[in-house]
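Trainee: Sequence:
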Amino acid sequence: MIEEQAVRYRKRLNNNVVVAVDEQGEEHVLFGRGLGFELTVDGAVDMQRVERVYVLKEGSIPPLPGWSGAPAPAEYLEIAEQIFADAREAIPVDISASIIAPLADHISILRCTGSGRGSGSRT
Numbered sequence: 372m373i374e375e376q377a378v379r380y381r382k383r384l385n386n387n388v389v390v391a392v393d394e395q396g397e398e399h400v401l402f403g404r405g406l407g408f409e410l411t412v413d414g415a416v417d418m419q420r421v422e423r424v425y426v427l428k429e430g431s432i433p434p435l436p437g438w439s440g441a442p443a444p445a446e447y448l449e450i451a452e453q454i455f456a457d458a459r460e461a462i463p464v465d466i467s468a469s470i471i472a473p474l475a476d477h478i479s480i481l482r483c484t485g486s487g488r489g490s491g492s493r494t
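Read in order, the letters of the sequence shown correspond to residues 372 to 494 in this note's numbering.
Since the hints were made in silico from the structure, they are not lab data.
Just so we're clear, the structure is a prediction, and the values are computed from it rather than from any experiment.
The C-beta atom is built at its ideal place from N, Cα and C for all residues, glycine as well.
Check each hint, because a few of them may be wrong.
Now the in silico label distances, taken between C-beta atoms and shown as ranges [stated by the list, open to error]:
no.: 1; residue 1: Gln419; residue 2: Arg381; range: 18 to 24 Å
no.: 2; residue 1: Arg383; residue 2: Ala468; range: 31 to 37 Å
no.: 3; residue 1: Arg383; residue 2: Ile470; range: 33 to 39 Å
no.: 4; residue 1: Asp417; residue 2: Gln453; range: 22 to 28 Å
no.: 5; residue 1: Pro463; residue 2: Gly414; range: 39 to 45 Å
no.: 6; residue 1: Val464; residue 2: Phe408; range: 34 to 40 Å
no.: 7; residue 1: Pro463; residue 2: Glu397; range: 42 to 48 Å
no.: 8; residue 1: Glu409; residue 2: Ile462; range: 34 to 40 Å
no.: 9; residue 1: Arg482; residue 2: Gly414; range: 28 to 34 Å
no.: 10; residue 1: Thr411; residue 2: Gln376; range: 28 to 34 Å
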């Protein structure tokens, strides 16, 4: 379990989201209030401050049409994470967290192209 490992900071996505590497070299996206403050590269991450952990393992999800596979900006990851949390509450089925990264990428694409704004009707 990641909570029991030495996790090293790699990159700050924003004040609340960082990328870290565990002892096996696997990258994780860590969410926690103020987690991105005062960390140094390769410095230990205080796992007590981590609220959520995400890891995308190679081959864990099939390639999705239109997903670039590149990391989406942290603001879109946070939006996608909130949509995911809301959907889990609203829909009485098990929804895999593996949709968060592609959803964030899709939101990023819509934002950049402007194609999501007012282009459809809600029913």
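Trainee: Give a verdict on every hint.
Mentor: Here is what the structure says about each hint:
{"no.": "1", "hint": "Gln419 <-> Arg381: 18 to 24 Å", "in the structure": "holds, 19 Å"}
{"no.": "2", "hint": "Arg383 <-> Ala468: 31 to 37 Å", "in the structure": "violated, 22 Å"}
{"no.": "3", "hint": "Arg383 <-> Ile470: 33 to 39 Å", "in the structure": "violated, 24 Å"}
{"no.": "4", "hint": "Asp417 <-> Gln453: 22 to 28 Å", "in the structure": "holds, 24 Å"}
{"no.": "5", "hint": "Pro463 <-> Gly414: 39 to 45 Å", "in the structure": "holds, 42 Å"}
{"no.": "6", "hint": "Val464 <-> Phe408: 34 to 40 Å", "in the structure": "holds, 37 Å"}
{"no.": "7", "hint": "Pro463 <-> Glu397: 42 to 48 Å", "in the structure": "violated, 32 Å"}
{"no.": "8", "hint": "Glu409 <-> Ile462: 34 to 40 Å", "in the structure": "holds, 39 Å"}
{"no.": "9", "hint": "Arg482 <-> Gly414: 28 to 34 Å", "in the structure": "holds, 32 Å"}
{"no.": "10", "hint": "Thr411 <-> Gln376: 28 to 34 Å", "in the structure": "violated, 19 Å"}
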